[in-house]
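Go ahead and model the full structure; you've got the sequences and the hints to work with.
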Amino acid sequence: MGDLDEFSPDVRLFLKGYPWRRIDPVPWTPLRKPLAECRLALVSSAGLVAPGQEPFDASLRGGDPGFRAIPSDCDPASLRDTHRSESYDHAPLRRDPNLAFPLDRARELVARGRIGSLAPRHLSFMGSITAPGRLVKRTAPEAAGWLVADRVDVALLVPV
Amino acid sequence: MCNQAVGLVAAELERRGIASVAIQLLREVTRRVRPPRALCVPFPHGRPLGEPDRPSVQHAVIEAALRMLEDPTLEPPALVDYEA
Chain A
14 MGDLDEFSPD VRLFLKGYPW RRIDPVPWTP LRKPLAECRL ALVSSAGLVA PGQEPFDASL
74 RGGDPGFRAI PSDCDPASLR DTHRSESYDH APLRRDPNLA FPLDRARELV ARGRIGSLAP
134 RHLSFMGSIT APGRLVKRTA PEAAGWLVAD RVDVALLVPV
Chain B
11 MCNQAVGLVA AELERRGIAS VAIQLLREVT RRVRPPRALC VPFPHGRPLG EPDRPSVQHA
71 VIEAALRMLE DPTLEPPALV DYEA
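First to last, the sequence lines map onto chains A and B. Sequential numbering from 14 applies to the first sequence in the numbering used here. Sequential numbering from 11 applies to the second sequence in the numbering used here.
In case anyone wonders, no lab produced these hints; they're calculated from the structure. Here the structure is a predicted model, which means the values were calculated and not measured. Note that the Cβ used here is the ideal one computed from N, Cα and C, for glycine as well. Keep in mind that a hint or two might mislead.
Reference listing, derived: stretches of chain B covered by chain A, where coverage requires no fewer than 3 residues with Cβ under 8 Å from a Cβ of chain A [unchecked claim]:
no., stretch
1, 19 to 26
2, 30 to 38
3, 43 to 54
4, 57 to 68
5, 78 to 87
So the derived list for chain B, only partly shown, Cβ under 7 Å to chain A, looks like this [what the hints assert, rightly or not]:
no., residue
6, Met11
7, Ala15
8, Ala75
Dropping the structure here:
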């Protein structure tokens, strides 16, 4: 388990008093068909960008609520880590982006029939969002709309 | 913060009819934010799927997450602890 003790004293103090957003009521969509018939999208908050995409903006107060679409046919090794958090070791993720954006694993699951297909694009956020108002009101609904348009059935979300 | 961000996105996906499962690294935060389906993993920040270049480890975590999607007995908010 990740632990608050991994963080610096300053960060720990901030997190201790932080008013976490409570999801209430908790929405729920049951699985409506076998996973072998479902289309999967990945959502990562590791701040990854594809070649040619703008890096996330770590200077925005409250965090960058934006997101990038990562094409499903991209090479995970080509993704760039633009997450600026110093609260974790970036080396493992930079060596193997599948650690937080498991596109190769997802392809293997499709190849073996465990899931039906992959969405044409996946979503990348940068997770250091301390003021999530814009995320909740604007960018998360927009991102969800993209996945609905792509007829996505299930999503696997991976923080970092 | 990453845990909260993916939880909030997951909630939006569920509202729009997409079933979601979120890996989570901080159980305390997960309990407060309450993503619809959360798989709490025993790995440090920066390594949500365990180990780099270890597909078998990554697949085991993902499989546990997929089983949450398939489990008809779970109710929101569903929190499962991953055991390797």
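Now the hints, each set against the structure:
1. Counting residues of the stretch 19 to 26 of chain B whose C-beta sits closer than 8 Å to any C-beta of chain A gives 8, which meets the bar of three, so the coverage hint holds.
2. Counting residues of the stretch 30 to 38 of chain B whose beta carbon lies closer than 8 Å to any beta carbon of chain A gives 9, which meets the minimum of three for the stated coverage.
3. Residue count for the stretch 43 to 54 of chain B with a Cβ under 8 Å from a Cβ of chain A: 9. That meets the three needed, and the coverage hint holds.
4. Closer than 8 Å: that is the beta-carbon criterion, and the stretch 57 to 68 of chain B has 9 residues meeting it against chain A, so the requirement of 3 holds.
5. Counting residues of the stretch 78 to 87 of chain B whose beta-carbon sits less than 8 Å from any beta-carbon of chain A gives 6, enough to reach three: the coverage restraint holds.
6. Because the closest C-beta pair between methionine 11(B) and chain A is about 5 Å apart, less than 7 Å, the hint holds.
7. A cut of 7 Å between beta carbons decides the hint on alanine 15(B): the least distance to chain A is about 4 Å, and the hint holds.
8. Proximity of alanine 75(B) to chain A holds as hinted, the smallest CB-CB distance being about 6 Å (cut-off 7 Å).
When held up to the earlier numbered hints, the structure conflicts with none and fits them all.
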